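2 protein chains.
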Amino acid sequence: MLDSGDISDLISLVGKDRVFSAPEDLVAYSYDASRAQNLPDIVTTPGSSEDVQKILRFASERRIPVYPRGSGTGMTGGSVPEQGGIALVMTSMNRILDIDSRNLTARVQPGLILHEFKETVKKQGLFYPPDPASAKFASIGGTVAVNAGGLNSVKYGVTRDYVLSLEAVTPIGDILRFGASTMKSVTGYDMTRLLVGSEGTLAIITEITVKLIPHPRSRFTILASFTDDQDALNTAQQIMEKGLIPCALEFMDETAVHCARIYSGHPFLNHAAGVLLIEFDSLQENGMDLRQDISRAKEVLASCGALETRETADPKEREELWEIRKCLSPAVYEIAPSKLNEDICIPRSEMISVIQEIKTIARNHGINVVNFAHAGDGNIHVNFMYDGKNPEQADHAHRAVEELFRMTVKRRGTLSGEHGIGRTKLPFLSLEYGEGERKIMREIKKLFDPEGILNPNKSIM
Amino acid sequence: MLDSGDISDLISLVGKDRVFSAPEDLVAYSYDASRAQNLPDIVTTPGSSEDVQKILRFASERRIPVYPRGSGTGMTGGSVPEQGGIALVMTSMNRILDIDSRNLTARVQPGLILHEFKETVKKQGLFYPPDPASAKFASIGGTVAVNAGGLNSVKYGVTRDYVLSLEAVTPIGDILRFGASTMKSVTGYDMTRLLVGSEGTLAIITEITVKLIPHPRSRFTILASFTDDQDALNTAQQIMEKGLIPCALEFMDETAVHCARIYSGHPFLNHAAGVLLIEFDSLQENGMDLRQDISRAKEVLASCGALETRETADPKEREELWEIRKCLSPAVYEIAPSKLNEDICIPRSEMISVIQEIKTIARNHGINVVNFAHAGDGNIHVNFMYDGKNPEQADHAHRAVEELFRMTVKRRGTLSGEHGIGRTKLPFLSLEYGEGERKIMREIKKLFDPEGILNPNKSIM
Numbered sequence: 003m004l005d006s007g008d009i010s011d012l013i014s015l016v017g018k019d020r021v022f023s024a025p026e027d028l029v030a031y032s033y034d035a036s037r038a039q040n041l042p043d044i045v046t047t048p049g050s051s052e053d054v055q056k057i058l059r060f061a062s063e064r065r066i067p068v069y070p071r072g073s074g075t076g077m078t079g080g081s082v083p084e085q086g087g088i089a090l091v092m093t094s095m096n097r098i099l100d101i102d103s104r105n106l107t108a109r110v111q112p113g114l115i116l117h118e119f120k121e122t123v124k125k126q127g128l129f130y131p132p133d134p135a136s137a138k139f140a141s142i143g144g145t146v147a148v149n150a151g152g153l154n155s156v157k158y159g160v161t162r163d164y165v166l167s168l169e170a171v172t173p174i175g176d177i178l179r180f181g182a183s184t185m186k187s188v189t190g191y192d193m194t195r196l197l198v199g200s201e202g203t204l205a206i207i208t209e210i211t212v213k214l215i216p217h218p219r220s221r222f223t224i225l226a227s228f229t230d231d232q233d234a235l236n237t238a239q240q241i242m243e244k245g246l247i248p249c250a251l252e253f254m255d256e257t258a259v260h261c262a263r264i265y266s267g268h269p270f271l272n273h274a275a276g277v278l279l280i281e282f283d284s285l286q287e288n289g290m291d292l293r294q295d296i297s298r299a300k301e302v303l304a305s306c307g308a309l310e311t312r313e314t315a316d317p318k319e320r321e322e323l324w325e326i327r328k329c330l331s332p333a334v335y336e337i338a339p340s341k342l343n344e345d346i347c348i349p350r351s352e353m354i355s356v357i358q359e360i361k362t363i364a365r366n367h368g369i370n371v372v373n374f375a376h377a378g379d380g381n382i383h384v385n386f387m388y389d390g391k392n393p394e395q396a397d398h399a400h401r402a403v404e405e406l407f408r409m410t411v412k413r414r415g416t417l418s419g420e421h422g423i424g425r426t427k428l429p430f431l432s433l434e435y436g437e438g439e440r441k442i443m444r445e446i447k448k449l450f451d452p453e454g455i456l457n458p459n460k461s462i463m
Numbered sequence: 003m004l005d006s007g008d009i010s011d012l013i014s015l016v017g018k019d020r021v022f023s024a025p026e027d028l029v030a031y032s033y034d035a036s037r038a039q040n041l042p043d044i045v046t047t048p049g050s051s052e053d054v055q056k057i058l059r060f061a062s063e064r065r066i067p068v069y070p071r072g073s074g075t076g077m078t079g080g081s082v083p084e085q086g087g088i089a090l091v092m093t094s095m096n097r098i099l100d101i102d103s104r105n106l107t108a109r110v111q112p113g114l115i116l117h118e119f120k121e122t123v124k125k126q127g128l129f130y131p132p133d134p135a136s137a138k139f140a141s142i143g144g145t146v147a148v149n150a151g152g153l154n155s156v157k158y159g160v161t162r163d164y165v166l167s168l169e170a171v172t173p174i175g176d177i178l179r180f181g182a183s184t185m186k187s188v189t190g191y192d193m194t195r196l197l198v199g200s201e202g203t204l205a206i207i208t209e210i211t212v213k214l215i216p217h218p219r220s221r222f223t224i225l226a227s228f229t230d231d232q233d234a235l236n237t238a239q240q241i242m243e244k245g246l247i248p249c250a251l252e253f254m255d256e257t258a259v260h261c262a263r264i265y266s267g268h269p270f271l272n273h274a275a276g277v278l279l280i281e282f283d284s285l286q287e288n289g290m291d292l293r294q295d296i297s298r299a300k301e302v303l304a305s306c307g308a309l310e311t312r313e314t315a316d317p318k319e320r321e322e323l324w325e326i327r328k329c330l331s332p333a334v335y336e337i338a339p340s341k342l343n344e345d346i347c348i349p350r351s352e353m354i355s356v357i358q359e360i361k362t363i364a365r366n367h368g369i370n371v372v373n374f375a376h377a378g379d380g381n382i383h384v385n386f387m388y389d390g391k392n393p394e395q396a397d398h399a400h401r402a403v404e405e406l407f408r409m410t411v412k413r414r415g416t417l418s419g420e421h422g423i424g425r426t427k428l429p430f431l432s433l434e435y436g437e438g439e440r441k442i443m444r445e446i447k448k449l450f451d452p453e454g455i456l457n458p459n460k461s462i463m
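Protein chains in written order, with my numbering: chain A, 3 to 463; chain B, 3 to 463.
Please keep in mind that the hints were generated in silico from the structure rather than gathered at the bench.
Just so you know, not all the hints are guaranteed correct.
Identical chains blur together in the list; that is why a pair holds if it fits in one copy or across any two.
As the list claims (entries may be wrong) - Here are the computed lysine-lysine pairs in the PhoX-like style, where the Cα-Cα straight-line distance is at most 25 Å: (1) K120 - K448; (2) K361 - K213; (3) K120 - K157; (4) K244 - K125; (5) K157 - K124; (6) K18 - K391; (7) K157 - K213; (8) K328 - K318; (9) K244 - K124; (10) K300 - K18; (11) K56 - K441; (12) K412 - K125; (13) K391 - K120; (14) K361 - K391; (15) K300 - K244; (16) K213 - K412; (17) K244 - K157; (18) K328 - K138; (19) K328 - K213.
All figures in this text were calculated on a predicted structure; none of them were measured in a lab.
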């Protein structure tokens, strides 16, 4: 708990315009998308790396916990100030510092909204691929902190693959720069990627240099329905095994289709019990080079028993097809008021049996489950749906999550494909990593943060 | 220095078939491709992770330095047993453990020869892109240790981008597994990539799981000559700025062309003072989807003043075109008997002026320099050529290297694009990383290796 002396010292360090303590400020930065919540004692919005340095030195000296935060769109409680302390809100450091169109790189501050960045570089014909569902609100710093993926990872990889170098401030107040703005570098250890995905537990990222690539100039989208969601998964597997590289390969299971049908009323879903959205993109304006891939994908669809397909190369029609997939976030609430949303990743070939097992887990607990997946990556979004006002159901949902993680690890999977571990998955970390692995992670944490002030009890334990 | 008691204890740990001390064995594992050399006291060839564990525990207890080694193709002295001790030769652990063609992954041991692995997966239509010039001899463990790149990184990235998970043995003898065999994972810290590129200073990698992609089914290669090597570089820059993504974009400067001309006698080089090799590849057998890229590349070649071009889609003719680039390793010795070979990487847009500056540095020191480059990455192989028997020339060559690195860092470049730091570049590390950055790297080293036995005085300082 910060006392009034602490608060006035903090104000004298960074200025009163950067320190907030009104109840409405504390509430605004008390939660993330996981619904976990706890009030910070104080909120501060640094305007520079030097501000961050001052705040962290101050906090390290007084052993005050610091909770870094972008837009609060995280799914695992990663930015929730569990022990009060300081909410370090990075949204004021939100500038694009440089777009280097000759070298296809950009330098940005962490508070920049991902969507704004993507749209800005797109105007120059450039593409920054990471594309989590929260892109319109998420800060780029937050996406670096969790190594965010998204819809197009199957072709373009994840955030880690685009980060070239970072400036970061350690809890003891060192401003460090790791990596190089060059396409390759093997100088020293890869501290850049150690920080990517470390969920704000090692250092505060204050500047990010990323690689850009040429923006696709055309896309071809196919939406396919199936009478059995296993056929949809089988189609996805066949597409990947045939050596096709779609830029999206999204799966919706029977319950997901059901929710989308009720929510959107879309007639395409009327007889469907599984949906696959397949997209290819091209650097060529006319997309003529995609012809062969499209025809091979259609062969697979026919041979795997697709019920109905829609296809388009038109950007506007594309949005309509995507709407069926993108409506899922609100649509899942059609069947229950609360959800526990996990993002396991498994070897792709395990998807059919894992989806079956997930349905069994839910059934055994008397709750519903909605599965949708980045099927090309084996990355399944498992949404256990329940009534949060019913304590027994809530308990079943939480037990279902634990069973999900145990099963995932047994199937050579990982607890998180793109959300991170944060707070909510931390109790399950030991399912995936033994004591030896976790010990060295804890020791690395201690190297960076000897006083343990930075986002304590998150990501690793 | 190991005494006879140490040696017999080591034999009792791993068996006498795995321990070698004959002078010819010591010589065989005393050097790498950098020409640095020092005899180990003993050579051991572990056959399992447990052997590695025993050897490392033994060495940690007795504080004996251990030098891990694949095929010894490193360019920076990274595997040279500078202080004697144990040469830990990983070549007996050279099996492909699994190729999973459904999930596009493979699990291999570190001693496996990269070329053998690439050819084996190719037979299944699969592609493992990393392709250093030493691929026919290099062990895959060595390429992971230095995060090797190669000819096709401009399109396909580097080793780091393909490593999914690692088993590694720490110097204190813990067998750890980091990462997951899934396409995405953000569980815990990214220790996998901390180990990739750590040049055998943190742990011994004993098993590697990599991602595979579909193998290209066709290629189109263009060889172009120029009367001025700046025109060749300008062409390379234009190709990248036009949003083309070649799978190779190789540059040879005037002196490189001169060496290749003398060595190969190829008439194509007769009037050339600069060469560019441009290659595109495709997943389609007929490569029809490349047409537009090829025609745009040819427009650039014409507008940038290419003197002559050859082009082919035929695999055999392709080999002939590549021969002009690939002959450079022996050909550089046409102008001097010794070389210092560095692999700086700079922002691509700096290439023209950096190549000029390199030529000036060499001229000022009265020696020759041969530059060739992975021009799409800004990764230049700078070969200062001199007579090693002439101490004054040798001194000039070494001073030229120091000036090269100083200039590189000034131009926002990095000391190494793909060779690593090893021993030879270590004195220059502080040009690129300040004390704060190096301190935390040293502390990480100490976490893994408290006794400092594992490849001491390499990679970081």
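Verification of the hints:
1. K120 - K448: neither (35 Å within a copy, 40 Å between copies)
2. K361 - K213: neither (40 Å within a copy, 29 Å between copies)
3. K120 - K157: The answer is both: 17 Å in one copy and 21 Å across copies each meet 25 Å.
4. K244 - K125: between (34 Å within a copy, 15 Å between copies)
5. K157 - K124: both (18 Å within a copy, 20 Å between copies)
6. K18 - K391: Result: close neither inside a copy nor across copies, 41 Å intra and 69 Å inter.
7. K157 - K213: Both: 16 Å inside a copy, 13 Å across copies.
8. K328 - K318: Result: close within a single copy only, 15 Å intra versus 49 Å inter.
9. K244 - K124: Cα proximity of K244 and K124: across copies only (14 Å, versus 31 Å in one copy).
10. K300 - K18: Neither: 61 Å inside a chain and 60 Å across chains, both beyond 25 Å.
11. K56 - K441: Classified as between; 21 Å across copies, 30 Å inside a copy.
12. K412 - K125: Neither: 45 Å inside a chain and 31 Å across chains, both beyond 25 Å.
13. K391 - K120: neither (40 Å within a copy, 56 Å between copies)
14. K361 - K391: within (23 Å within a copy, 75 Å between copies)
15. K300 - K244: within (12 Å within a copy, 32 Å between copies)
16. K213 - K412: between (36 Å within a copy, 20 Å between copies)
17. K244 - K157: both (15 Å within a copy, 21 Å between copies)
18. K328 - K138: Classified as within; 13 Å inside a copy, 48 Å across copies.
19. K328 - K213: neither (27 Å within a copy, 29 Å between copies)
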